[in-house]
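Use these hints to put chain L onto chain H, whose structure you have.
2 protein chains.
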Amino acid sequence: MLQSPLAFSHALLKQTVHAGDSVIDATAGNGNDTLLLANLVGKDGRVIAFDIQEEAIAITREKLLAAGLNDRVDLQHNGHEHILEICPDSESISAIVFNLGYLPKGDKSIVTIPETTLKALDASLNVLKKKGMLLVMVYHGHPGGKKEKSAVLDFASALPQEHFNVLNYGFINQKNDPPFLLAIEKR
Amino acid sequence: MLQSPLAFSHALLKQTVHAGDSVIDATAGNGNDTLLLANLVGKDGRVIAFDIQEEAIAITREKLLAAGLNDRVDLQHNGHEHILEICPDSESISAIVFNLGYLPKGDKSIVTIPETTLKALDASLNVLKKKGMLLVMVYHGHPGGKKEKSAVLDFASALPQEHFNVLNYGFINQKNDPPFLLAIEKR
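Just so you know, the sequences run in chain order H and L. Count the first sequence with the working numbering and you get residues 15 to 201, in order. Count the second sequence with the working numbering and you get residues 15 to 201, in order.
Calculated from the structure, these hints are not laboratory results. There may be inaccurate statements among the hints.
Treat identical chains as interchangeable: a pair holds within one or across any two.
Said to hold, decoys possible - DSSO-like mimics (lysine-lysine), calculated; alpha carbons at most 27 angstroms apart, straight line:
hint, residue 1, residue 2
1, 161, 189
2, 145, 28
3, 160, 145
4, 200, 122
5, 160, 189
6, 57, 122
7, 119, 57
8, 189, 143
9, 145, 189
10, 145, 77
11, 133, 189
12, 160, 133
13, 144, 161
14, 143, 161
15, 77, 200
16, 144, 189
17, 200, 189
18, 28, 143
This is chain H alone, in the form it adopts within the complex (with noise of 0.2 angstroms):
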């Protein structure tokens, strides 16, 4: 059975995450993926996941809390272009994981934008480990969604296939704009 993008990016993680990893949730948004990556990292491990919207955050600190995995995470109430300010060290990071777009049930206003999400995800590049996974989940059915969906495929098609598997996955049947994944693995 074919998985959805995301069913596909989560089971990605769940291969390349171990106990006492470190890595990043670059829009923590509902928490989920967070909770996810909390689980994975176990005891040891370490989860810094940002978000601009205090919103997000605070639904991210209560699914933690629910979960007694908030020691863990660290929340940054931050845009996610700032990964170099808080995570400094190189090839230090297991997994990264972007869901671009809005806030599922939040302010479909407040969006990712592509000069905010290329930084980030070329710092990505930057602090992913070898064999590391830089996940992104591409929304785009929002206004903007399409320059940004752009932007994106851009950056990734363009990187050095030395140094990078650039794997798209979706689905080419569907209306209404359904996500997919680039899935960047650093070689």
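Here is chain L on its own, set in the frame of chain H:
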């Protein structure tokens, strides 16, 4: 780790094909997929393998004989556009594989072409079981390859999402026209 389109296709086949199933290799070629399928269907299963080239049929027959699996395989020295003549029962086949392009190490002037490929894909969707999988590896680096790629993508992306999931799986940062996989699941 990210699987190549071919490895991902084989992983999907292993999930989809069970002992006793009937399956089709629409382009036997060097017989590698035919052999994999013959293993997967077991002693009570059946593989129908098509190829228009006598050379491909001979290579495939030799591989099957060496593995002692020839009695599970019906080798058809015929174009795959004749699927419905050989296999008239709708929804009877668990998996169908295509490798578009030319026979590796063979005569590179003999290639699959849009007209017969589209006819064969259409027939394939008819004979495919529900939950069955049509897996198309699209090699498109040869003369005419871009035209066929475009025709197949148009065909696949127009399939109704109520009846089919159509996944595109491919690396987007590689030079030299890397092949990609279209995986079509009947719902």
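Do the hints match the structure? See the list:
In this homomeric assembly, residue 161 and residue 189 come within 27 angstroms of each other (Cα to Cα) both inside a single copy, at 18 angstroms, and across copies, at 25 angstroms. For the homomeric pair residue 145 and residue 28, the shortest alpha-carbon distances inside one copy (14 angstroms) and between copies (26 angstroms) are both at most 27 angstroms. In this assembly of identical chains, residue 160 and residue 145 lie within 27 angstroms of each other by CA distance neither inside one copy nor across copies; the values are 30 angstroms within and 32 angstroms between. In the homo-oligomer, the alpha carbons of residue 200 and residue 122 never lie at most 27 angstroms apart, since the shortest distance is 33 angstroms inside one protomer and 34 angstroms across protomers.
Taking the shortest alpha-carbon separations for residue 160 and residue 189, both the intra-copy value of 15 angstroms and the inter-copy value of 25 angstroms come in at or below 27 angstroms. Proximity of residue 57 and residue 122 under a CA criterion of 27 angstroms is satisfied in neither setting, with 35 angstroms inside one chain copy and 56 angstroms between copies. In this assembly of identical chains, residue 119 and residue 57 lie within 27 angstroms of each other by CA distance neither inside one copy nor across copies; the values are 31 angstroms within and 53 angstroms between. Within a single copy, residue 189 and residue 143 get their C-alpha atoms only as close as 36 angstroms, which misses the 27 angstroms cut-off; across copies the closest is 24 angstroms, which meets it.
For a Cα distance limit of 27 angstroms, the shortest separation of residue 145 from residue 189 across copies, 21 angstroms, qualifies, whereas the shortest one inside one copy, 34 angstroms, does not. Taking the closest pair of Cα atoms, residue 145 and residue 77 never come within 27 angstroms of each other, the shortest separation being 29 angstroms inside a single copy and 36 angstroms across copies. In this assembly of identical chains, residue 133 and residue 189 lie within 27 angstroms of each other by CA distance solely across copies; the values are 25 angstroms between and 30 angstroms within a copy. When the C-alpha separation of residue 160 and residue 133 is checked against a cutoff of 27 angstroms, the pair qualifies only within one copy, where the shortest distance is 18 angstroms, while the shortest distance between copies is 34 angstroms.
Proximity of residue 144 and residue 161 under a CA criterion of 27 angstroms is satisfied in neither setting, with 30 angstroms inside one chain copy and 37 angstroms between copies. In this assembly of identical chains, residue 143 and residue 161 lie within 27 angstroms of each other by CA distance neither inside one copy nor across copies; the values are 29 angstroms within and 39 angstroms between. When the C-alpha separation of residue 77 and residue 200 is checked against a cutoff of 27 angstroms, the pair qualifies neither within a copy, at 31 angstroms, nor between copies, at 37 angstroms. For the identical chains of this complex, residue 144 and residue 189 are inter-copy neighbours only, at 22 angstroms across copies versus 36 angstroms inside a copy, given an alpha-carbon limit of 27 angstroms.
Only between protomers do residue 200 and residue 189 lie at most 27 angstroms apart by alpha-carbon distance; the minimum there is 17 angstroms, versus 32 angstroms within a single protomer. Proximity of residue 28 and residue 143 under a CA criterion of 27 angstroms is satisfied intra-copy only: 16 angstroms inside one chain copy versus 31 angstroms between copies.
Of the hints listed earlier, those the structure fails to meet are numbers 3, 4, 6, 7, 10, 13, 14, 15, in rising order.
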